[in-house]
Amino acid sequence: DAKTTQPPSMDCAEGRAANLPCNHSTISGNEYVYWYRQIHSQGPQYIIHGLKNNETNEMASLIITEDRKSSTLILPHATLRDTAVYYCIVRVGGANTGNQFYFGTGTSLTVIP
Amino acid sequence: GAVVSQHPSWVICKSGTSVKIECRSLDFQATTMFWYRQFPKQSLMLMATSNEGSKATYEQGVEKDKFLINHASLTLSTLTVTSAHPEDSSFYICSARSYTDTQYFGPGTRLTVL
Numbered sequence: 270d271a272k273t274t275q276p277p278s279m280d281c282a283e284g285r286a287a288n289l290p291c292n293h294s295t296i297s298g299n300e301y302v303y304w305y306r307q308i309h310s311q312g313p314q315y316i317i318h319g320l321k322n323n324e325t326n327e328m329a330s331l332i333i334t335e336d337r338k339s340s341t342l343i344l345p346h347a348t349l350r351d352t353a354v355y356y357c358i359v360r361v362g363g364a365n366t367g368n369q370f371y372f373g374t375g376t377s378l379t380v381i382p
Numbered sequence: 026g027a028v029v030s031q032h033p034s035w036v037i038c039k040s041g042t043s044v045k046i047e048c049r050s051l052d053f054q055a056t057t058m059f060w061y062r063q064f065p066k067q068s069l070m071l072m073a074t075s076n077e078g079s080k081a082t083y084e085q086g087v088e089k090d091k092f093l094i095n096h097a098s099l100t101l102s103t104l105t106v107t108s109a110h111p112e113d114s115s116f117y118i119c120s121a122r123s124y125t126d127t128q129y130f131g132p133g134t135r136l137t138v139l
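So the protein sequences, as listed, match chains A and C.
All residue numbers for the first sequence refer to my numbering, where the first residue is 270 and numbers rise by one.
All residue numbers for the second sequence refer to my numbering, where the first residue is 26 and numbers rise by one.
None of these hints come from the bench; they were simulated from the model.
Backbone N, C-alpha and C define an ideal beta-carbon position, used for all residues, glycine too.
Please note: incorrect hints may appear among the correct ones.
Straight-line distance between alpha carbons at most 20 Å, and here's what the computed EDC-like set of lysine to aspartate or glutamate pairs gives [as the list claims (entries may be wrong)]: (1) C:K80 to C:E47; (2) A:K321 to C:D126; (3) C:K45 to C:E112; (4) C:K66 to A:D351; (5) A:K272 to A:E335; (6) C:K66 to A:E335; (7) A:K272 to A:E300; (8) C:K80 to C:E112; (9) C:K66 to C:D126; (10) A:K272 to C:E84; (11) C:K39 to C:E84.
If you want a taste of the chain A side facing chain C, the calculated C-beta under 8 Å gives, among others [what the hints assert, rightly or not]: (12) Y315; (13) G319; (14) F370.
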């Protein structure tokens with residue numbers, strides 16, 4: 270699976286949009302981009318995933334560049350409860366692929382009041 | 026939907042004893058579950074892939090005789106830490122792969138070995 274690079278930490282003001290970048294320059298054509306977050310001492314929470322197109326759900330938006338070498342997770346209106354470590358993972362999708370996730374170090378997002 | 030539970034949420038045991046951790050997918054069936062370990066201030070490390078009805082696949086460096094994994098049904102996988110020692114103290118997290126190919130994680134089990 271492709272390796273990802275994320276900034277180790279970011280701050281964001283409460284109520285503002287949080288934009289978390291991820292570089293995955295070696296991503297292959299059949300690898301999806303997944304985002305999870307982990308609040309202290311809890312299991313990771315699924316946020317969103319995508320292959321080529323931008324995606325949006327009730328939690329966040331995922332913007333994937335046209336060359337697919339990087340992506341940005343957007344939390345439109347950050348709240349204090351969004352303070353967590355955010356992980357960007359790229360992985361081959363579909364059945365019979367093993368589907369393992371290998372976590373990098375992630376970005377520690379702190380939302381400031 | 027897509028809820029995964031773990032039991033117990035925390036456990037303290039004496040060195041040399043064995044501890045069993047359960048992982049259940051509550052509202053979906055999971056042919057594949059995964060076990061991770063996380064040390065303080067570190068990221069999650071994949072330990073093994075658990076497939077229903079077959080032997081688990083362990084990551085390099087993980088002792089299969091020490092971390093016994095059983096996936097006897099489509100909603101339950103268990104991890105048994107045998108002859109636990111203080112260095113096995115960690116946060117153990119499971120996940121289950123749904124039919125949509127997304128992994129959903131349990132809340133984790135904090136193991137402390139005295």
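What hints, given by number in increasing order, does this structure fail?
6, 8, 9, 11, 13
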